[in-house]
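A.B. asks: The primary structure of each chain is shown beneath.
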Amino acid sequence: AQTVTQSQPEMSVQEAETVTLSCTYDTSESDYYLFWYKQPPSRQMILVIRQEAYKQQNATENRFSVNFQKAAKSFSLKISDSQLGDAAMYFCAYRSRAMGANSKLTFGKGITLSVRP
Amino acid sequence: KAGVTQTPRYLIKTRGQQVTLSCSPISGHRSVSWYQQTPGQGLQFLFEYFSETQRNKGNFPGRFSGRQFSNSRSEMNVSTLELGDSALYLCASSLVSGSSTDTQYFGPGTRLTVL
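Those sequence lines, one after another, are chains A and B. Here this note's numbering = 1-based position in the first sequence + 91. Here this note's numbering = 1-based position in the second sequence + 1.
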C-alpha cells in the first residue's frame with residue numbers, strides 16, 4: 092500500500108516571498124502520479140499541480156513548481172511570490188498508474204499555509 | 002460548464018439513522034470517487050464508480066455503500082450512523098477512470114454531523 096507523509100502541519104510565509112511545502116511518499120510501484128491540491132476555507136479542493144513519475148522534468152504552473160526526487164521519494168511544492176489568496180490547506184496526493192489503475196487518490200494529512208500581509 | 006455539485010451541503014442526523022448523499026459530476030464525466038475528510042484521519046478514499054460499476058473500494062465498513070446511475074450521478078449511503086461518521090464527504094469526478102491525462106474535479110462537499 093502507498094503512503095503519503097506531510098510532516099509539517101503548519102507553515103507561514105510573508106506575502107511576496109517564497110515558501111516550500113514538503114511531502115514524502117512510499118510506494119513499491121515505479122509508475123505513478125503525484126499531485127498537490129489546495130483546499131481554501133471554502134472547502135473546494137482545487138488541483139494545483141501534477142507530476143508524472145516517468146518524467147524527470149519538474150512540473151511548473153505559473154508561481155507553483157515542484158521538486159520531484161524519485162529516488163528519495165520526495166515531492167515538494169514551491170510557491171513563489173506568495174499571495175494572500177494562497178492561504179489554504181495543501182494536500183500532497185499519490186495515484187497509481189499501474190495496469191487497471193483507477194482514480195483513487197491517497198492523500199497526506201495536509202499542511203495549513205498562512206500568508207502574512 | 003457547471004462544476005461538480007453535491008447535495009445537501011449540510012446534514013444533521015442522529016446515531017442509528019441512515020443518510021444518502023448525492024453527487025452530480027461535471028457533464029460528460031463518467032467516473033465519480035468519494036472521500037471522507039475528518040480532522041483525525043484526513044482524506045480517505047471510500048469508493049469509485051465508473052459507468053455504473055464500482056471500480057475500487059476503500060477500507061470502510063459495509064455500512065458505507067454507493068451506486069451510480071446511468072447519467073453518472075452517484076449516491077452514497079451510510080446506514081446505522083455512528084458519531085465517528087461525522088465528516089466532510091467529498092466527491093470528485095473525471096472523464097474516465099485512471100486515465101493518464103485526466104484531472105479529478107472536486108465538489109464542495111457535504112458536511113455530515115451525527116449527534
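Don't take each hint at face value.
[As the list claims (entries may be wrong)] Covered, in the sense of this in silico footprint (three residues per stretch, anywhere, with C-beta under 8 Å from a C-beta of chain B), are these stretches of chain A:
(1) 134-146
(2) 198-206
[Stated by the list, open to error] If you want a taste of the chain A side facing chain B, the calculated C-beta under 7 Å gives, among others:
(3) Q174
(4) S194
(5) K195
[What the hints assert, rightly or not] When the alpha-carbon atoms are kept at most 30 Å apart in a straight line, the in silico DSSO-like pairs for lysine-lysine are as follows:
(6) K58(B) / K200(A)
(7) K14(B) / K161(A)
(8) K200(A) / K164(A)
(9) K164(A) / K14(B)
(10) K164(A) / K146(A)
In case anyone wonders, no lab produced these hints; they're calculated from the structure. Built from N, CA and C at the ideal position, the CB exists for glycine as well.
A.B. asks: Against each hint, give a clear statement of whether it holds in the structure.
C.D. replies: Evaluation of the provided hints:
1. 134-146: That given contact holds, which follows from 7 residues of the segment 134-146 of chain A lying within Cβ reach (below 8 Å) of chain B.
2. 198-206: Three-residue rule met by the segment 198-206 of chain A, so holds; n is 4.
3. Q174: violated, 22 Å
4. S194: holds, 5 Å
5. K195: Cβ of K195(A) sits 5 Å from chain B, so the hint holds.
6. K58(B) / K200(A): Cα-Cα ~20 Å, so holds.
7. K14(B) / K161(A): The hint is violated at about 45 Å.
8. K200(A) / K164(A): OK: K200(A) and K164(A) at ~17 Å, within 30 Å.
9. K164(A) / K14(B): With a Cα-Cα distance of about 42 Å, the restraint between K164(A) and K14(B) is violated, given a limit of 30 Å.
10. K164(A) / K146(A): Answer holds: K164(A) to K146(A) is near 14 Å, not above 30 Å.
Checked against the numbered hints given earlier, the structure breaks hints 3, 7 and 9 and satisfies all the rest.
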